[in-house]
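Student: Below are the chains, spelled out letter by letter.
2 protein chains.
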Amino acid sequence: MKIEIWIEFASTYSYLTVMRAENILSEKGIDLAWRPFLLGPIFHAKGYESSPFVIDPVKGKYMWRDVARRAAHYGLPFKQPSIFPVNGLKAARIMTAALNEPWCGQFARAVFKAQFERGEDISTEPVLTAALKECGVEPEYWLAKSQSDDTKTALRNRTEEASRLGIFGSPSFVVDQELFWGDDRFEDAIAWALNIQA
Amino acid sequence: MKIEIWIEFASTYSYLTVMRAENILSEKGIDLAWRPFLLGPIFHAKGYESSPFVIDPVKGKYMWRDVARRAAHYGLPFKQPSIFPVNGLKAARIMTAALNEPWCGQFARAVFKAQFERGEDISTEPVLTAALKECGVEPEYWLAKSQSDDTKTALRNRTEEASRLGIFGSPSFVVDQELFWGDDRFEDAIAWALNIQA
Chain A
97 MKIEIWIEFA
107 STYSYLTVMR
117 AENILSEKGI
127 DLAWRPFLLG
137 PIFHAKGYES
147 SPFVIDPVKG
157 KYMWRDVARR
167 AAHYGLPFKQ
177 PSIFPVNGLK
187 AARIMTAALN
197 EPWCGQFARA
207 VFKAQFERGE
217 DISTEPVLTA
227 ALKECGVEPE
237 YWLAKSQSDD
247 TKTALRNRTE
257 EASRLGIFGS
267 PSFVVDQELF
277 WGDDRFEDAI
287 AWALNIQA
Chain B
97 MKIEIWIEFA
107 STYSYLTVMR
117 AENILSEKGI
127 DLAWRPFLLG
137 PIFHAKGYES
147 SPFVIDPVKG
157 KYMWRDVARR
167 AAHYGLPFKQ
177 PSIFPVNGLK
187 AARIMTAALN
197 EPWCGQFARA
207 VFKAQFERGE
217 DISTEPVLTA
227 ALKECGVEPE
237 YWLAKSQSDD
247 TKTALRNRTE
257 EASRLGIFGS
267 PSFVVDQELF
277 WGDDRFEDAI
287 AWALNIQA
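Chains A and B, in that order, are what the protein sequence lines are.
When we follow this note's numbering, the leftmost residue of the first sequence carries the number 97, and every step to the right adds one.
When we follow this note's numbering, the leftmost residue of the second sequence carries the number 97, and every step to the right adds one.
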């Protein structure tokens, strides 16, 4: 059985999932398929001009407190970045280009750590270059590949697929036809996958 | 230590909390303070004309599936009521009037069961009368008391207090100064309370 993990790089709660997903699923013997996508177009289609956490500052204030508490619960460092929501387009394109590479998950973790452990702006090339270097690969090659028409189209298609699947937030999990939303549903998605497997 | 449980009667996820809260907290030795309030005025102040689950049908569709799954997880029956969101004003007023009565939690459970086990319209007097009868009390007396100026004022003040506390959804939990939102944060709220106690 396989769990698809749909992530938008600007998403705070996705940090909590990305940092732990590979180890947990490997332990459980469940395959992981990363699905980088963009929430921006999905929000825009609803008429949102920014993240719901910016549009509703009361909810936003709660979210920062909640993410900090949940990060502490998982033993993850956490720092609120100065820019939110960041533009995750470049990071999502690199991950899309690298989807079949063994370091794909490592890249995602490197980017999320830069953003939420160190508060860095992951829309900038130096930060993405550093994340690629952490994976031991050639930044120039992957930055170029991430800007190819094939990659751009693949990411656009992926985002349209997210919309068709009824995905409206990140992280989301798809197991078979079943959709789960939020880091706090990761365990439910795992239980669903194990139940199908059994 | 004490956990305040803030509930709006129209809220689906609050069903999941209300049905299990008293037994769990009594087992853990934590006091429970019910805080019935209305989400309507809080939503209206933001310009929402209905529940976010109605305004955003994609999110709404997901919510019904998620609540059904979570109810199954807790072993609770679940039926989607024909009216959503229901007007929870009368139920909230009765609970406000009965806040110091030993059957206050039982009344909340009876109303949530009517709505989400049997799909009944809890804005109607026969349903509320039946819930009061289940608690073994005099429906006429409590219906009258629920419509007194004192009760109306108390509920209005409670809703304003919710707003001041940064509450934007139901269920919400307040432990000391700490706010938790959602049935899926009930365990976090309990852990917070136990940690303060220790």
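Just so you know, these hints were derived from the structure itself, not from any lab.
A couple of the hints might just be wrong.
The list cannot tell twin chains apart, which means a pair is met if one copy fits it or any two copies do.
Restricting the straight-line Cα-Cα distance to at most 30 Å, the calculated cross-link-like pairs of lysine-lysine (DSSO-like) are [stated by the list, open to error]:
| # | residue 1 | residue 2 |
| --- | --- | --- |
| 1 | K229 | K142 |
| 2 | K124 | K248 |
| 3 | K229 | K248 |
| 4 | K98 | K157 |
| 5 | K157 | K241 |
| 6 | K155 | K248 |
| 7 | K248 | K209 |
| 8 | K124 | K241 |
| 9 | K229 | K155 |
| 10 | K155 | K186 |
| 11 | K155 | K241 |
| 12 | K98 | K155 |
| 13 | K142 | K124 |
| 14 | K229 | K157 |
| 15 | K229 | K241 |
| 16 | K209 | K229 |
Student: All hints are to be evaluated individually against the structure, with a verdict given for each.
Tutor: Going down the list of hints, with the structure as the test:
When the C-alpha separation of K229 and K142 is checked against a cutoff of 30 Å, the pair qualifies neither within a copy, at 37 Å, nor between copies, at 45 Å. In this assembly of identical chains, K124 and K248 lie within 30 Å of each other by CA distance neither inside one copy nor across copies; the values are 33 Å within and 53 Å between. Only within a single protomer do K229 and K248 lie at most 30 Å apart by alpha-carbon distance; the minimum there is 22 Å, versus 63 Å between protomers. Taking identical chains as interchangeable, the C-alpha atoms of K98 and K157 lie at most 30 Å apart only when they sit on different chains, with a minimum of 23 Å there against 35 Å within one chain.
Taking CA atoms no more than 30 Å apart as the test, K157 paired with K241 passes in neither setting, with 38 Å inside one copy and 38 Å between copies. Taking identical chains as interchangeable, the C-alpha atoms of K155 and K248 lie at most 30 Å apart only when they sit on different chains, with a minimum of 27 Å there against 33 Å within one chain. For the homomeric pair K248 and K209, the shortest alpha-carbon distance inside one copy (24 Å) is at most 30 Å, but the shortest distance between copies (50 Å) is not. Taking the shortest alpha-carbon separations for K124 and K241, neither the intra-copy value of 33 Å nor the inter-copy value of 56 Å comes in at or below 30 Å.
Taking identical chains as interchangeable, the C-alpha atoms of K229 and K155 are never at most 30 Å apart, the minima being 36 Å within one chain and 38 Å between chains. In this homomeric assembly, K155 and K186 come within 30 Å of each other (Cα to Cα) both inside a single copy, at 27 Å, and across copies, at 27 Å. Taking the closest pair of Cα atoms, K155 and K241 never come within 30 Å of each other, the shortest separation being 38 Å inside a single copy and 35 Å across copies. In this homomeric assembly, K98 and K155 come within 30 Å of each other (Cα to Cα) only across copies, at 24 Å, whereas the closest approach inside a single copy is 33 Å.
Taking identical chains as interchangeable, the C-alpha atoms of K142 and K124 are never at most 30 Å apart, the minima being 37 Å within one chain and 43 Å between chains. For the homomeric pair K229 and K157, neither the shortest alpha-carbon distance inside one copy (34 Å) nor that between copies (42 Å) is at most 30 Å. Taking the shortest Cα distances, K229 and K241 sit within 30 Å of each other inside one copy (15 Å), while across copies they are farther apart (69 Å). In this homomeric assembly, K209 and K229 come within 30 Å of each other (Cα to Cα) only inside a single copy, at 14 Å, whereas the closest approach across copies is 56 Å.
Of the numbered hints stated above, those contradicted by the structure are hints 1, 2, 5, 8, 9, 11, 13, 14, listed in ascending order.
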